[in-house]
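**Student:** Given the coordinates of chain A, work out where chain B with the ligands should sit on it, guided by the hints.
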Amino acid sequence: MKNAPLDHRLPTELRDLRESVAQYSRDVIAPAIGELYINHEFPYDLVRGMADMGLFGLPFPEEFGGMGGDYFALCIALEEVARVDSSLAITLEAAVSLGAMPIYRFGTPEQKNTWLPKLTSGHMIGAFGLTEPGAGSDAGGMRTTARLDNGEWVINGAKAFITNSGTDITGLVTVAAITGTKSNGRPEISTIIVPAGTPGLAIEPAYSKVGWNSSDTHGLVFTDCRVPASNLLGERGRGYAQFLQILDEGRIAIAALATGLAQGCVDESIRYAHEREAFGHPIGHYQAVSFLIADMDVRAHTSRLAYYDAGARMLAGEPFKREAAIAKLHSSDAAMENSRWATQVFGGYGYMNEYPVARFYRDAKVLEIGEGTNEVQRMLIARELGLPQ
Amino acid sequence: MKIAVCVKQVPDTWAEKKLRDDDSTLDREAADGVMNELDEYAVEEALRLAEANGGEVVVVTMGPERAAETVRKALSMGADAGVHLVDDSLHGSDALATSYALAEVLAARNFDLVIFGSESTDARMSVVPAMVAERLGLPQVTFAQKVDVDGSKVAIQRQTEYGYDDVEAELPAVVSVVEKINEPRYPSFKGIMAAKKKPVETLTVADAGLDAAKLGATAAWTKVASFAARPPKAAGTVVTDEGDGGAKIATYLTEQKFV
Ligand SMILES: Cc1cc2nc3c(=O)[nH]c(=O)nc-3n(C[C@H](O)[C@H](O)[C@H](O)COP(=O)(O)OP(=O)(O)OC[C@H]3O[C@@H](n4cnc5c(N)ncnc54)[C@H](O)[C@@H]3O)c2cc1C
Ligand SMILES: Cc1cc2nc3c(=O)[nH]c(=O)nc-3n(C[C@H](O)[C@H](O)[C@H](O)COP(=O)(O)OP(=O)(O)OC[C@H]3O[C@@H](n4cnc5c(N)ncnc54)[C@H](O)[C@@H]3O)c2cc1C
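As given, the protein sequences belong to chains A and B, one line each in that order.
For this note's numbering, count along the first sequence from 1 and bump the result up by 21.
For this note's numbering, count along the second sequence from 1 and bump the result up by 134.
These aren't lab readings, by the way, just hints derived from the structure by calculation.
Wrong hints could be hidden among the right ones.
Said to hold, decoys possible - Sample of chain B residues lacking proximity to chain A, with all beta carbon distances greater than 12 Å (derived):
id	residue
1	HIS225
2	LEU337
3	ALA346
4	VAL358
5	VAL372
6	ASP378
7	LYS382
What the hints assert, rightly or not - Quick look at which bits of chain B chain A covers, simulated, 3 or more residues with Cβ under 8 Å:
id	stretch
8	197-210
9	310-323
As the list claims (entries may be wrong) - No more than 30 Å apart at the CA atoms, straight line, and that leaves these computed lysine-lysine pairs for DSBU-like:
id	chain 1	residue 1	chain 2	residue 2
10	B	LYS331	A	LYS139
11	B	LYS324	A	LYS133
12	B	LYS330	A	LYS139
13	A	LYS139	B	LYS324
Bear in mind that the values here come from a model prediction, so they are computed numbers and not experimental data.
Beta carbons are placed, not taken as given, at the ideal position from N, Cα and C, and that holds for glycine.
Just chain A, same shape as in the assembly:
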């Protein structure tokens, strides 16, 4: 693809993957998503198509039904999907990076064999329940509890804003909960797998969101919700460390998604700047417009460099906390800015929901909030720089 940046640096398999996902996004997602989005519908058929391409299995080994790729391959796919639509991209991101990844990273062989083949095939998706109505950035301040009783965990509490938690294909939610008190007096946090449909788990009605209309988000309420003791994910008391690891990686994926949105704004704006005429010229003839687009291109490009760098470090086994936080911070700001200016390039049409840039505008804001707000990213970067805490 002509505008696929940095392509020449990628190995052929990633270029081919990008091409394949770009083609699916352009030919299948783009014509269908507008109406689904306006109607707040979860895009089951489009998710199915992504599943058929193996996107939900990208970073997992073949023994668990995966595609044998890596996390960077997932990021490439996310960027191409988000270039056309963010609801689908976040559905994929949350299912893979938040739903399946904790099980792959921390699960017992039995848990992996039970869940991963279904999750990697995309026939089932998973959700990750960390945030609570009263605790988001300060996730350690959660209130949800789980106690052992007769070989079962009994969970009580509430979770807020949980992506993928209420679809017809949701198979499980991994829930972070307080399972005791540590010797230092701090709460002991553990992660527990709760299969969808477990009695005592209530899925609240979907939120009315500003954007991501075709992504599924609910509050969850746990009332004496019982699951077998063997549903503990990884070690008891390791919940905090687990979600920090998951979120560090997840930031690179969100950065890729944000880069896709920022690039989508560039793509749409270039096209429109050629097509739309005012005062006898295509609007792209006016520097006030072409410079806007040049700036948008700069933001998309630097966002991509930032997430490529974080991804490369992660794959090389090097520390990547700072780079992932930089990528997430920079690219979400880029997405926000680009969607703002792309809407401007489109004038009145940009404010109409059936235009992709209007969707981009609605979808960009949450990128500065989810998986760690941009203030939290700055806290992480400052900490990595060794500034006084």
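**Tutor:** Frame of chain A, contents of chain B with the ligands only:
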């Protein structure tokens, strides 16, 4: 069953196409190359037939160096092997020459079924499948919207303006397909990785035992003498309705001989 699929790399349908100033052939460097869209349907059909009846799918292309990408795409969709005919002397080949080269490559490999797209998006001659069939002396069942193989027979529905015709032929045969036939799959990452390990035979004109005198621009039966860019779209005619709009439009249509 051994199935061949002929695929052509064409300039991206979305890109603006240009002709070269030096020899009036298509400037294949000016735009990204993609698999001719109908050939994706041809590959898909071959894969479905092989999945249903057992067999091997070999993708065949004639084209420049980078047409290898198109072979790789077919392999990542699931084809088993590729043959890529690439040689500078092929440049500028017309439909007759293309069909000669393809027919020779196919004849040397004994296929039970050869599947084509029914038209390319760049040159759009829509004659290569028929020419190849003629050269191979095989029945041609073209413009298929449905293909069934049963033992030694192939039965198709040939798309027509009024519906379709049922057409049958003995194998080996040549089939060309239309868009209605299926939904081509998108390569999965597993398919993409597997494609890297699949065999691709790269042939020169000499390797394929072709007569160079029958190929390339010099052998073409016709020549592009000159060309010009399409003139920009003229501004439309605006009819202002001052109570007589209907009559004005009727006059316009009559003048243009539409009615
Ligand atoms: C659409 C959507 C989907 C989501 N999906 C999921 C999901 O699948 N799973 C999940 O667990 N969560 C999910 N979330 C939750 C998301 O991760 C949280 O909203 C986010 O972490 C922020 O938490 P909060 O909303 O409680 O905000 P708060 O933490 O209350 O923050 C409010 C404001 O205060 C700022 N702030 C807080 N502390 C500090 C500080 N120390 N210094 C400076 N500023 C500070 C924040 O940056 C923010 O601006 C989702 C959210 C949304 C909107
Ligand atoms: C400006 C211009 C002028 C031209 N002038 C002439 C001319 O005067 N006379 C003339 O005969 N041709 C001319 N050509 C056509 C050119 O030579 C064609 O590329 C060639 O003839 C193949 O025909 P097609 O693409 O129209 O195939 P079609 O018959 O439209 O293609 C049908 C199917 O054949 C298969 N196929 C076609 N080409 C290949 C290939 N290279 N490798 C593998 N499979 C293939 C594919 O399955 C395809 O779907 C011209 C082309 C251009 C761009």
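**Student:** The structure should be examined with respect to each hint, and the outcome stated for every one.
**Tutor:** Each hint tested on the structure:
{"no.": "1", "hint": "HIS225", "result": "holds, 23 Å"}
{"no.": "2", "hint": "LEU337", "result": "holds, 21 Å"}
{"no.": "3", "hint": "ALA346", "result": "holds, 31 Å"}
{"no.": "4", "hint": "VAL358", "result": "holds, 26 Å"}
{"no.": "5", "hint": "VAL372", "result": "holds, 16 Å"}
{"no.": "6", "hint": "ASP378", "result": "holds, 30 Å"}
{"no.": "7", "hint": "LYS382", "result": "holds, 26 Å"}
{"no.": "8", "hint": "197-210", "result": "holds (count 3)"}
{"no.": "9", "hint": "310-323", "result": "holds (count 5)"}
{"no.": "10", "hint": "B:LYS331 / A:LYS139", "result": "holds, 28 Å"}
{"no.": "11", "hint": "B:LYS324 / A:LYS133", "result": "holds, 20 Å"}
{"no.": "12", "hint": "B:LYS330 / A:LYS139", "result": "holds, 27 Å"}
{"no.": "13", "hint": "A:LYS139 / B:LYS324", "result": "holds, 17 Å"}
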